[in-house]
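A.B. asks: In case you want the letters, here they are:
2 protein chains.
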Amino acid sequence: MSSPKSLHGVNYAPPRSFKTVLKANLKETLFPDDPFYEFKNEKLSKRILKGIQYFVPICQWLPKYKFGLFMYDLLAGITIASLAIPQGISYAKLAELPPIIGLYSSFVPPLIYAIFGSSKHLAVGTVATCSLIIAAAVQQKVMPEDNMELYVGLFYTSALISGLLQTALGVLRLGFLVDFLSHSTITGFMGGTALIICLQQLKGMLGLKHFTSRTDVYHVLRAVFENRKEWTWQCAVVGVIFLAFLQLSRYVRKKKPNLFWVSAISPIIVVVAGCLFAYFFNAEKHGIAIVGKLNKGINPSSIHLINFSPEYLPAVVKAGIITAMIAIAEGIAIGRSFAIMDNEQIDGNKEMVAIGLMNIVGSLTSCYLSTGPFSKTAVNYNAGCKSQMSNVVMSLCMLLTLLFLAPLFGYTPLVALAAIIMSAMIGLMDYEKAVHLYKTDKFDFLICMVAFFGVAFISMDMGLILSVGLALIRALLYVARPPTCKLGTITNTAFRDIEQYPGSNETPGMLILKLGSPIYFPNSNYVRERILRWVRDEQSLENSQRNEIEYLLLDFGGVTSIDITGVETLLELRRCLAAKSIKIILINPRLGVMEKLIATKFIDKLGKESVFLTIEEAIENCSFSLNSSSQAKREELEIA
Amino acid sequence: MSSPKSLHGVNYAPPRSFKTVLKANLKETLFPDDPFYEFKNEKLSKRILKGIQYFVPICQWLPKYKFGLFMYDLLAGITIASLAIPQGISYAKLAELPPIIGLYSSFVPPLIYAIFGSSKHLAVGTVATCSLIIAAAVQQKVMPEDNMELYVGLFYTSALISGLLQTALGVLRLGFLVDFLSHSTITGFMGGTALIICLQQLKGMLGLKHFTSRTDVYHVLRAVFENRKEWTWQCAVVGVIFLAFLQLSRYVRKKKPNLFWVSAISPIIVVVAGCLFAYFFNAEKHGIAIVGKLNKGINPSSIHLINFSPEYLPAVVKAGIITAMIAIAEGIAIGRSFAIMDNEQIDGNKEMVAIGLMNIVGSLTSCYLSTGPFSKTAVNYNAGCKSQMSNVVMSLCMLLTLLFLAPLFGYTPLVALAAIIMSAMIGLMDYEKAVHLYKTDKFDFLICMVAFFGVAFISMDMGLILSVGLALIRALLYVARPPTCKLGTITNTAFRDIEQYPGSNETPGMLILKLGSPIYFPNSNYVRERILRWVRDEQSLENSQRNEIEYLLLDFGGVTSIDITGVETLLELRRCLAAKSIKIILINPRLGVMEKLIATKFIDKLGKESVFLTIEEAIENCSFSLNSSSQAKREELEIA
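Sequence lines, in order, name chains A and B. Quick note: to get this note's numbering, add 247 to the position in the first sequence (first position is 1). Quick note: to get this note's numbering, add 247 to the position in the second sequence (first position is 1).
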């Protein structure tokens, strides 16, 4: 039997060396975006310059910076500073830290980010979620009222650990680990956290003095209702007014996007109004608590507060790892989405280093974990920022505040902060996204709901872990069950899934299957069983439609990887089918798969005459021998 | 612009209902082999009969059983019984159980397996690996010399838990979980266990009285050398002679496969020779210890020994789960490989139920964990067994032994048992397989080595967990980095990877990429970056080769699944490319992917005119509009 017509030979080149394959795989895994492509074919001096610009982006943009751009950045910087002050104080209060630390955390990190960061739009600041996660972890070891110095020190330590981890992940180009936090997980997690943070604000809104350090819905609500005697109506009235104002300003922004500044400055308005109200009406006497004394002065060093004692380390490391991942997931996703709007690209690993460095330096200068929160970045973008300079401007505004205005903010009523947090959190509950998930992908919806309810009713870490676990199970289930399908002819050269294109024709004597990818140990038994079932189904059809298969054509075009267990399964399959007088034909094995099939001698066992580059070639060849065998049978009969 | 020629329309049918998809997915996940296909289109009475035959295979094979077959099964049964006696006693000794339990465990379980099992070749018995794992776990709670009744009870409890778990996995059709133990893991794990079991036999070979309960190489070797004073040369001489005899018989089998019975009966020869030697030469006085008193009588009930007290439960459950998985992995893999030699098929889930039931019943009748070990099954197969009847014969032989001969085996010298175990374990170290792995797949080799060294130098559970973890990371890395490749034309209708087939031509103005599967949250960033890099690489070529891309053709033929994050990534990609005036064209989205793209309105946003069923159609269409646009440009120029 000779092949009637060979269009193009199958490539049986000997497998590439292990080193080549490893290098190619490492490149795909760690440098998929080829970050150093600009360095190729350049002189050494130019390479060094480009290298510095690559690692310290400020060297790239500052020399080209024009005064015309500064006007935009100045405006944007002042706007985000006006947001940073109330948010900083609020989130510090949420974490039960001294409020001034919230202000410190908006001074140093933005400066560092401006040097190393490559996103033009990211506005640096603290975030509610991470504040609460660290607080929950640290409070298991020490309560702020027992030892504030230790409590604060553990926050810095956790920020240092986060920073180190973020930098390390970035330097080792392991940023893809963050991708394992899927959008669905983040949607659910953010929603759940927003819900419990909202409920916690009932403490501030109702002026409670006693509360729980637990974060789940049940304990928080119980704490609210058990302390009914502490409810203060004055507090509630003021809180509701503030909240209504903030929500109204958000509503305005939603209706008229170019009035975004209304909602951007509304928190500072609330704070200023609150301060004036507290100062002139002596609010404290009416049961409305205020922030209390805030000292002037910039960030003191906090190196002496870093605490690695083994008693606290496990809790701090756990919080550090979780918040590091959440912070970079949020920071990079947000930087990236705004960059895409301007057709620019962000290198996730580089961003990770920038965020990591800013947290390392921050943790040594009395700042706790910061990243690029969505709300602030959106305001920065809308306010027309043009470069990282807006972060510098914000930082300078914070400097002025720390040097001169800090004491004034001491009059801020806690209820105003509660209203600010509540309003921000309501915006984070993205129920439209959840509905979208429900409509389009039930599994993604489930992942999202597990995160939401896990966070709301168990704990934040548990919710996150369960949801990530479920997402991983989905990925593993995919690997465990790669879909196969039966192909039919729709034209002479095109073969498509017969389920999807029911009109397509089958070829007598043959069964054409397209295999899914990969063929790995978790699915190799499945692949064998499934193929045998296709064969059985084909053979057990009613007489009229029955297809006596002599050839099984396996389209390997979609299979991109196979392991040893997979190859062994193919051998078993070959043995099973040989017993039924069915021959296996391989179509278009891809590079990596072909190399594995050659290395394991599978191709030798199968015979090179059973491998084809296209389905039509294979069909032509097989029909040829099908015809000649039936011809032979006829001749035999005639002779007999 | 109108399509010049449409060969076959793209299928835009509305997505199937959630219920349909869920049902299809569950079927693929849990019933890939469609076990009930024989029941379709049958009458109720026939269905019930088939159902009984399905769940209790003895109802199927016994009525058809012929006396002619029985002669074969009788011979095979006697042969495996002669192996079962020394192995049973040896492995019980290995687990520091009373030796009689090893004999009990070869009486009841084979009977149960003969009723429910569907493999004709599987010979039931205890295995060294599992004996050692359970012993290591139980000895953390109680030592046999302190409380033998409790010690034995925990073994039964662990067997009961294993049996329940195995049955449950089988009934719930979750057998595929076992597939996550890859061949490479099992090879390394078996090798590592064989090594440490071999080393442990130095205790018996050297006649030591004090030893360690740790299993790792370091502690075992230290125990051997620390007790140098206990070394008994008489013991060592006898041991080496026995071991040499056993290895010689294995060598004979290897050289002349039809002399397999020589190695099959050599263990019982060693035991009998040892007994005679011990009896006539009064070996005990020369420092050669013997097994000691064995009582006549069949298995007593052990229900009263089952112990679920919370103090011991965690260790017992852990051992039960690990050994359950190993036992079914071994039993099913072995049953399956022998079935394939005879062109039969084994339903893994049904086998799991059979093995589970035999362990449940066994644990209540003084047997500990048993499965179908490789050595015994191979002997059974070679001895010519024809059905499960050989297990019944073995069981009856064990009955006779228990009733009449047991006391005689009390004279067996321990050193003979050590030689039998050692010889069996040497056969389990499959270094050829390891070399094969090294040559063909470095990652599989790594997985294997992690299991081997983990077991040898840390602990058995740790070695297993690390290796399975590494294998899972491989599967996840696959999902994180599905390969894309650039396609070139090799014929008008065939498009292949340009790296694999360097001769293929590119189409000017277009870039054709074939995407890997799946497009999921862990890889969506990668997929976007990688595609953008392909585009950049294409555009940054030297002037002469430069390809000004106007169309990016994405071949979705190999993509079998996409999630929400993946769809969002495609949207981002579309926005990025639109900025570079590049249009995305989708080719042949598969059924599930198309449904997701329709449900998320991606197709609406992209436009149905940008989706094609084949690459050639897409090229034809795009060339058409490329030409007309350059025509228009020329005309514009002419007018100007």
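Just so you know, the hints here were simulated from the structure itself, not pulled from any lab data. Be careful, since some hints might not be right.
[Said to hold, decoys possible] Below are the DMTMM-like pairs computed for lysine to aspartate or glutamate, each with C-alpha atoms no more than 20 Å apart in a straight line:
#, chain 1, residue 1, chain 2, residue 2
1, B, LYS686, A, GLU867
2, B, LYS689, A, GLU815
3, A, LYS274, B, GLU785
4, B, LYS270, A, GLU863
5, B, LYS311, B, ASP589
6, A, LYS274, B, ASP589
7, A, LYS830, B, GLU591
8, A, LYS686, B, ASP851
9, B, LYS733, A, GLU815
10, A, LYS733, B, ASP589
11, A, LYS680, B, GLU275
12, B, LYS830, B, GLU819
13, A, LYS287, B, GLU785
For clarity, every value in this text was computed on a predicted model and none was experimentally measured.
A.B. asks: Any hints from earlier that this structure breaks? Give me their numbers in increasing order, please.
C.D. replies: Of the numbered hints given earlier, those the structure breaks are 1, 4, 6, 9, 10 and 11, listed in rising order.
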